[in-house]
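Participant: Modelling step: build the complete structure from the supplied sequences, incorporating the hints.
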Amino acid sequence: MHDLRKKINLAEVLRANAVTIMFVILCIVGLAFSGQTVSYVMYELFSRLSRNAFIVLALILPIVAGMGINFAITIGAMAAQISALWVIEWGISGLPGFLTAMLMTVPIAGFFGYLIGNLLNKMKGQEMIGGLILGYFANGLYQLLFLFIFGNLIPLKAPGLVIKGSTGVANTIDLSTDRGFKYALDGLVRVDFGTGLYIFCALFVVYALVQLVLKRSSKKQSLTTVAVCAGVCLVYQIPFVAQMFSMVTVPVVTFLVVVLLCLFNNALMKTRLGQQFRAVGQSRTVANVSGINVDRVRIIAIMISTVLAGWGQLIFVQNMGSFQTYGAHEQVGLYAGAAILVGGASIRKATNGQALLGCILFHLLFIVAPSAGKNLFGDAAIGEYFRVFISYGVIALALVMHAWSGVQAKKKKD
Amino acid sequence: MTTNKTRRIIAAVLCLACVVLLVLGAVNLPKKNNASGDAILGDLRVRTLLNATGDGVVESYVNIAKKEAQAKAKAEGGGMSAIRDAVKKAEEDTRAKYENAEFSQGVVATPELLTAIDNYTAALAAHGALEEAAKQAYIDAHYEEAKAKMEAEREALLAAGKDVPEEETVEVDMSGFVPTQEMLDAEAVVDGAYIGMGEALKVIYPVLDDEALASLQETIDAIVYQPGDSFDTQYDRYLEQLGTKSSSGGYLIRHSDDLIYTALALLVVAALTVFYEVLVAKLGIPRVIIGVFFILLCFMTLWYDLSLSTLLSNTVVRMGMNAVMVLAMVPGIQCGISLNLGLPIGLVAGLIGGLLTIELGIPGWGGFLFAIVVGSVIAAVCGYLYALMLNRLKGEEMSVTTYVGFSIVSLMCIAWLVLPFQSLKLRWPLGTGLRNTIGLDSTNFKHILNNFLAFKIGGFEVPTGLLLFVALCCGIVWLFSRSKTGIAMQAVGNNPRFAQASGIDVDKMRIVGTVFSTVLGAVSILVYSQSYGFMQLYTAPRQMAFVAASAILIGGASTTRCKISHVLIGTFLFQGVLTLGMPVANVLVPGSTISETLRILISNGIILYALTKSGGDSRA
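Chains A and B are the protein sequences, given in the same order. So for the first sequence, the numbering used here puts the first residue at 1; every next one is plus one. So for the second sequence, the numbering used here puts the first residue at 1; every next one is plus one.
A portion of the hints provided could be inaccurate.
Some, not all, of what chain B presents toward chain A, calculated at C-beta under 10 Å [unchecked claim]:
#	residue
1	Tyr61
2	Met389
3	Arg392
4	Gly395
5	Glu397
6	Val404
7	Cys413
8	Ile414
9	Trp416
10	Thr464
11	Gly465
12	Phe546
13	Ile607
14	Leu611
15	Lys613
Since the hints were derived computationally from the structure, they do not count as laboratory data. Predicted model, so just to flag it, every value in this text is computed and none were measured. Each residue gets a CB set at the ideal place from its N, CA and C atoms; glycine is no exception.
Facilitator: Right under this line is the structure:
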């Protein structure tokens, strides 16, 4: 009897995490056939993680508030690019430039977020498709701004921003010149993998101990954290494992920012506002009856998400060193949304862990897919198309599964 | 009617301005073709001519100075290089001396000159007319030959594995053109008239020599006469040559038609301010905005002297090209799956049908019908499976269908790379997979509907076959919606609970609607491709469903209700704004992509608007 129940639970677990498990298998297969060394893949993975994790984490709040995946984060990315453009125009380079851009993103993205929230409140239940279309629409406005207003009506003086003979801002904006802020964050502290691992493990241990002393967490929790950290550090001592990470360098500050965002997400959930997010996410009707201003809460969730997405895009571009003026923001929503779903989140529930796991798996597949496609089918383009298909397919699958379970729950109720 | 006082006043002012402009325009319009217009043109023509010959005077002075310098240097017994230097210096000096001299200043045209110019102009016009007729006859005679040659070149390109250029106008090679005897005679008359005019000019500028006159002939030709001249083109040309601003009288005549257009545009705006509420209540804000925008664009094309009839003709072609795709939204909305954004499923099925036709080499109508049948069968099967899935997701269709559509398109990207098509028209000879755009030609179904019974009225070309086909499709959808099944299907879309209570199989009706919509999607991409001349694979079908959805919404449909008229009105307005918007935008901001931006804004804006109308439930 006991065994049987355990088996059912196992099946349940498998089904609930079907997407994640499928992705793990895909990644392993891809890794096996890609012919790339593990150390190279790890090197790529860590640089991709450092620049993409933040923006994926920005998706959590709207999901908790019941608005699904916020595909309108592309608009946050646009706000970031507007800020980046002006920081370069003013010639503020390096870390001050990056911080100025971050600061400037807050009001712009906040304002956009306010507008998005108001619009999405008019299409409750259709937020995701609404956000997607709104992203496309905003892209049109963005093009108007960058093609006909910046560089024409409002002149730009910095070299390279406007190319003579063509209208509007140049196609690519370079951050690696002496006016830009390439590696402003990444370059602050860069250590090899081992050192990075020790630093973060030490931080976690200290955090766990502080929590224990303040009696915010149980003895068991804190000790587990300490044990895990110690275990990880020990495993790293095996030469074979260390070899795998030999090429990796860790931009400590960037990862620290990601950790801070995770802590922020957690802390926010414990505040009154966080409770309201959750209440609205579970049932708008109940939340409304209990006196929560549903519309306001939803707007706040979108505003925070949009600002965070803007910061995420800034982290992304400072790592890349340049960005496509008219294209860098377009796929942000798609890739971030697919990543968080791969990690096991649904469009009603998401955690920091799922976002990070999803980010790792999704980008692992991105790294290995082209060369695996080349080795398996003799064409790298197949791998390219495959990963785009996977991105859309994962989102479609998550939406189908969610809608399906919703309909079935309704049937049960009837 | 509005009760708002300020708006009434604004409307009244606009009407007043409109009347003033109308009167001004009406008074000045006839002057384009009567004596007073001719007088202005004649005056300008003489001034331009004198101005141009003034340049010839400088040339004459330069020639004289050069000859003098040469003779002088020779007399002094200098070497070759010394002579060359002296001549060069003399030329530079003379040019510098007369650089800012205005010879035409204060010169008065003699009566002899005026008659000479008139003679010359008449001779040129006669010659020009003859030449044009002869050239047109030559083009007509050699058109088929040139077309065959171009197609042979295309075949050669295909065989060599290069991309076929998208340019499709047939250019007749004019190198074999021989002037007719009539033309030669007319040319002799022109030359005679030119010499006569030269004599008259020499009276005014005594220094002018025959050499300078000969070198000036081509310039003067271009000033005085150009093929297809009207008042407007001559006026603009003279002003540009003279580099002066136009006089107010001339300006009014030149823009008299534009004044009338502006007056009418003002009238539209005035009517809008007065009847705004009524219009919005009847049509909805987006349709009012886009409708008025379209009308104003029409006036702007007239103002910028763009050919409105050609543009409207293009609009009709593009409307026919897209209408079936928009029509595919109708069964979807009627059966209650709202906007079928999963339409790419049908589009891809249609593309496979088209590819098979080319692969098997079935020509003409047979090939087109074969493509439609194969595409429809595939679409029906896929649509059925798709409908089964949608039946499990009632109420959440929009976002799911979007991403299912995206997934199918990207899955098919892989398929296009690996499907075993052999024809070199379809695949890259080197490398794997099918081409991005597959050029259709006359051996396939390119323009098969567009050219069927097509005829021309002035600049307006009517693609009869295309319109007939669209009408046929609309008729089928309309008849279906009147049938028993169609009525049941609409009942399901309007109120599923009621439909179920009255014994209708809701799921079955949704399947019928979805399959119908998908099949129409397959047909639509073939209609689109035959008109466009190319089949676009890979990511091209991804956004097409959005364009179709926005067109039907512009036409006045909502996500739950629609009619055939919405399809036609919406497609016409949407395609009209895009077709007219592009040339107007290019006049305003040359070389810009603003019309693409316009498409993005309109298409997504209208979908957003429809979403706010459909999903706007209570506060909670």
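Participant: Against this structure, judge whether each hint is valid.
Facilitator: Here is what the structure says about each hint:
1. Hint status for tyrosine 61 of chain B: violated, given a least beta-carbon distance of 39 Å to chain A, over 10 Å.
2. Against a cut-off of 10 Å between C-beta atoms, the interface hint on methionine 389 of chain B holds, since the closest Cβ of chain A lies about 7 Å away.
3. Taken as an interface hint, arginine 392 of chain B checks out: its beta carbon lies about 5 Å from the nearest beta carbon of chain A, inside 10 Å.
4. Taking 10 Å as the C-beta contact cut-off toward chain A, the hint placing glycine 395 of chain B at the interface holds, the least distance being around 7 Å.
5. For glutamate 397 of chain B, the interface hint holds, the least distance from its beta-carbon to any beta-carbon of chain A being 8 Å, beneath 10 Å.
6. Interface restraint check: valine 404 of chain B against chain A, minimum CB-CB distance 5 Å, threshold 10 Å, status holds.
7. Hint status for cysteine 413 of chain B relative to chain A: holds, with the closest Cβ pair at about 4 Å, below 10 Å.
8. The interface hint given for isoleucine 414 of chain B holds, since its Cβ lies 5 Å from the closest Cβ of chain A, which is under the 10 Å cut-off.
9. The closest approach between the C-beta of tryptophan 416 of chain B and any C-beta of chain A is roughly 9 Å, which is under the 10 Å cut-off, so the hint is satisfied.
10. Violation of the interface hint for threonine 464 of chain B is found here, the shortest Cβ-Cβ separation to chain A being roughly 36 Å, above the 10 Å cut-off.
11. Hint status for glycine 465 of chain B: violated, given a least beta-carbon distance of 34 Å to chain A, over 10 Å.
12. For phenylalanine 546 of chain B, the shortest C-beta to C-beta distance to chain A is roughly 8 Å, which falls under 10 Å, so the interface hint holds.
13. At its closest, the beta carbon of isoleucine 607 of chain B sits 5 Å from a beta carbon of chain A; the interface hint therefore holds under the 10 Å criterion.
14. At about 5 Å, the closest approach between the beta carbon of leucine 611 of chain B and any beta carbon in chain A falls short of 10 Å, and the interface hint on this residue holds.
15. Annotation: lysine 613 of chain B was flagged as interfacial toward chain A, and the flag holds, the nearest CB pair being 9 Å apart, inside 10 Å.
The structure shown violates the earlier hints numbered 1, 10, 11.
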